[in-house]
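Let the sequences and hints guide you as you build the complete structure.
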Amino acid sequence: MQLVLFNVTNGLIIGAFYVLMALGLSLILNLSNVINFAHGNFLALGGYLAYTLTPTLGYWGALLVAPLLTALIGLAVERLMIRRVYNRDPVYSLLLTFGFAFVMQDIARYVWGPNGLPLGLPDFLSQPISAELFFVTWYRVFMVFVVIVVVLGLFAFLRYTRVGVRIRAGTLDLETVASLGVNISFLRTFNFALGCFLAGLSGVLAAGQIGLNPNMGDDLLMPSFIAIIVGGVGSLIGTLFGGLLIGMAAALTTVFYPSASEAVIYAIMMLVLLFRPRGFMGEEGMMS
Amino acid sequence: MSTDVTIAAVAAARRPAVPRWVTLVVIWALLIAAPYWLPLLGGYTALAGRVLVFGLAAMGLNLLLGFTGVLSFGHAAYFGLGAYGAGLTLRYLVHSTPLAMLAGTLLGGLAGTLFGLLIVRRRGVYFAMCTIAFGQLWYYLAYSWNDFTGGFDGLRDFHREPIGFGPLTLDISEGGTRFYFFLLAIFAVAVTLLGLLVRSPFGHTLRAIRENERRARFLAIPVERQIWLSFSISCFFTALAGTLYALLNNFADPLALHYSLSGYFVVMCVMGGMRTFWGPLLGATVFVMLQDYISSMTVNWMSFVGTIFVLVVLFFPRGLLGLRRQRGET
Amino acid sequence: MRKLQLSWPVDRRTILKTSAAIAAVQFTSPYILKARGETPVRIGMVNPLTGVLSALAQSEVDGAKYAEAEINKKGGILGRQVELLVEDSANDVGTGVQKTRKLIDRDNVNAIIGDVNSGIAYAMSQVTNEKKIFHIVAGGHTDPITGTNCKWNVFRVCNTTTMDTSAITPELVKKFGKKWFFITPDYAYGHSLQDGFVKALTKLGGTFEGDMLPINNTDFSATLIKAKTFKPNVLLNNMGGLTQINCMKQFTQFGMQKEMALGGALFELESIKGCPPDAQAGWWDMEWWWNQPNVPEVVKFVADYRAATKKTPSARDWFGYVSMHSVRLAADKAKSLEGPKLAKALEDLELPPDVALQPGKVRYRAGDHELMPNIFIGEAHPPKSGPDDVFTVSALISGEEAAGSVADTGCKMVEPS
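Chains as they are written, first to last, in the working numbering: chain A, 1 to 288; chain B, 1 to 330; chain C, 1 to 417.
Keep in mind the hints are simulated off the structure, nothing from the lab. Every residue, glycine too, gets a C-beta built ideally from N, C-alpha and C. Please note that a few of the clues may not be correct.
Which residues of chain A face chain B? A few of them, derived with a C-beta cut under 7 Å, are [claimed, not checked]: (1) N33; (2) I35; (3) V91; (4) L94; (5) G99; (6) V103; (7) M222; (8) I229; (9) F241; (10) V255; (11) F256; (12) Y257; (13) S259; (14) E262; (15) I268.
In structure tokens, the structure reads:
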């Protein structure tokens, strides 16, 4: 029983991480109708930038600057490439980000090498908080803390700022928002950069936990997809919930049948598609 | 402003620059002679086989993508299921190539048919997203079920069996030209079926849905059912290609189910021209050959392949055949 | 030209076209060499240069390239220059098989080396066997390649999983105890490794428990929680590559190193260097180690290698190096490049000291075509005298002893027809 309780905690920690990644993906999907296949690679980029910056800026500096740089690069990518396909068949945006993901992965390998790299953490972060809760290191606590702060910040931003409100409005009906004189081109660019910022931040956090390698984004991309489908497309709260749910499911499965811990999240997705196709918190009609 | 009616009208008004039978003769002549001219270009017969297999998979996908206008980014799932179906049959059930092909095609096709029911109301990127995720389900299944599928290492210990027709036996167990012609024969049958389908009334309703779903609905076309049928049929063809892939390699591995392969199929369609019948085959040819060359020359082939994707999307969205057609139209 | 026109009715236009085609061929495929002069001996290498195993694969390529230059400097193979053609299998079986066919059909290689991924290596061996091409598996570890699935044309440089497990087991039992917990990747390599350990451990009367995890598993806390409640003497980390590193990191972050020892079969130089210092720990096999001050050949090799490549050779570099030299040695002995003759020549061939690079006799066993080197067991630790000084060898175990008899491997060699 204690084991299960341990693992529920553990699942929440993993889930929190999926949430951060999936929220960025979800933001872009909701407003721009683009599935960003390169999201995992922006994540890796954030981690690698932090690795490069740590010697000069220290861990805390890198934690702040690396996601901002990632967002900047995301902004450039959106301006140069992705905005050109907004009004085309979705096949083009998918292919574009899919191909770009390849390029980014290769660049990461070329610049930082194929070997795994560790990201140094401040010492106190890698200690467990107590002998009883040995598997909860301060770093994990810190990660969850960052995720909570960022998620609260994001929701506050979307609720109380003008840009945020416009993004939410655009998610529901972009045409109307555009006809009200809002510069949706700017809105989309900003929103894409915001998504990349979240990816970059997830990358720095992930790097501290699992280290860096050029492929690291690949394995984290699919759980984010599933978090979005399960939670319901169009709902950020849904994504939040979906991420926590699959994180928990994966952790609990590891207790009873470890080799299925990857497959279980797909099983959950199938159940959701069967019995509640719009996802737990999805709006009816959002997916069609 | 373009239903299939107008398309037909335009097509009737304008004679194509090259008569269609000439195109067909050229395509088939090139395919039949491939084992002879390909080595001159630095290719090899196994590569020609790969082109046919991927070409068939992409053409199958294109029924959905190009002719129905529905985006599946998970067709590798049915391709891979075809491959595993054939492989598992040969390994555990019977040593018969035709039965293995049948089993693989049925496995992939039926999985697509059932899954199609679940997602036929989705459109656009959401449809794509569900197909990707469903594809990955099979990927992880094949990858984790070690005892049955061979897991990460792939399914092995099976090989193509000679096909017996009474006293006449076709021995395809050696690779090489004979096996290539076997592949080509299957390809020809499949593509002919696909061609008939596209020209049938059913095919026309698909195009009507692609051009204007609402109008199609008003014309009493059962949109959901047609999309579902199109998805299922397309899965059957891709699964058939998958069984050929298993025969080509004497192997089935989880990456044949992975979404990156789905991405390759889509780019083949787009690169060749997804509004054209033969476009995906051309796209597959160019893509497979390019990938083969580039990956021998540099470790950084991923950058090149990725750049091809980006360039196609930004500069050649109509694909190679689409380009020609566009020029002809204006 | 005139003569040509006499024998065939070819007009000028056709000739122009043909030469244009030939020019195009030259342009598109750089590996087609001019037929004039002596063709080099071609050796094809297929390895996963992209994907999760890329670091290990790259080291093998480096070693093989170094050997290529060395062999060419000393006059090549059978008086001909050697050319190494490297292809990326992208860690995908289909691609690996396709690249093998390409090397054989188009580039006419005389020998094939590869792959790090044993699944791909096995699939490749089906092709090389069908085509009767000499094949050296440099770094794919699962037993069947030189065991139940052994083939007359396939030789292997790296150890079998059985060799690695039976070399380290007695040491771990003696030092720490017989209650073990396994963390194992859920695929053929992992299963083969764990089975090897279990066999060796139960022979010594030990008990065990363990988890099979997905290959790319990133979070190990659930399993480590289990391990902690089981209270083993030793935790066996069988994960490979990057996942192994993550497992090590989480293990030390959770402070579990105070309660149980850590060990396993392989913790390669490439992986140790990817770990933060506190995770550079535990007892392991090394299949080759660069720091052998008592063997003059090794001292010289490491110095030369560092000068040429700016890096310290790992076991993987050595695999690549030995594979290339094995082709040379076999060809010199057979005076031929035909697959069956090369294979016959390499059987029971003893590596000279400047290739073996370790004390004692090292040979390819005729019965199963497995190389029988020493296995270096010892402890990993944070860097001492230099950044690559992260492992201290405590004992050398003879490979022959660890491998058991040929009959144990299940290999029944079938001669070529």
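The hints, checked one at a time:
1. N33: Because about 6 Å separates A/N33 from the closest Cβ in chain B, which is inside the 7 Å limit, the hint holds.
2. I35: 5 Å, holds
3. V91: 5 Å, holds
4. L94: This interface hint holds because 6 Å falls under the 7 Å limit.
5. G99: Status holds, d = 2 Å.
6. V103: Nearest chain B Cβ about 4 Å off; hint holds.
7. M222: 5 Å, holds
8. I229: 6 Å, holds
9. F241: Hint violated; A/F241 Cβ to chain B Cβ min 17 Å, cut 7 Å.
10. V255: 17 Å, violated
11. F256: 15 Å, violated
12. Y257: Hint on A/Y257: violated, closest Cβ of chain B at ~10 Å, above 7 Å.
13. S259: The hint holds - A/S259 has a Cβ within 7 Å of chain B, the shortest such distance being about 5 Å.
14. E262: 5 Å, holds
15. I268: 10 Å, violated
Violated hints for the displayed structure, listed by number in ascending order: 9, 10, 11, 12, 15.
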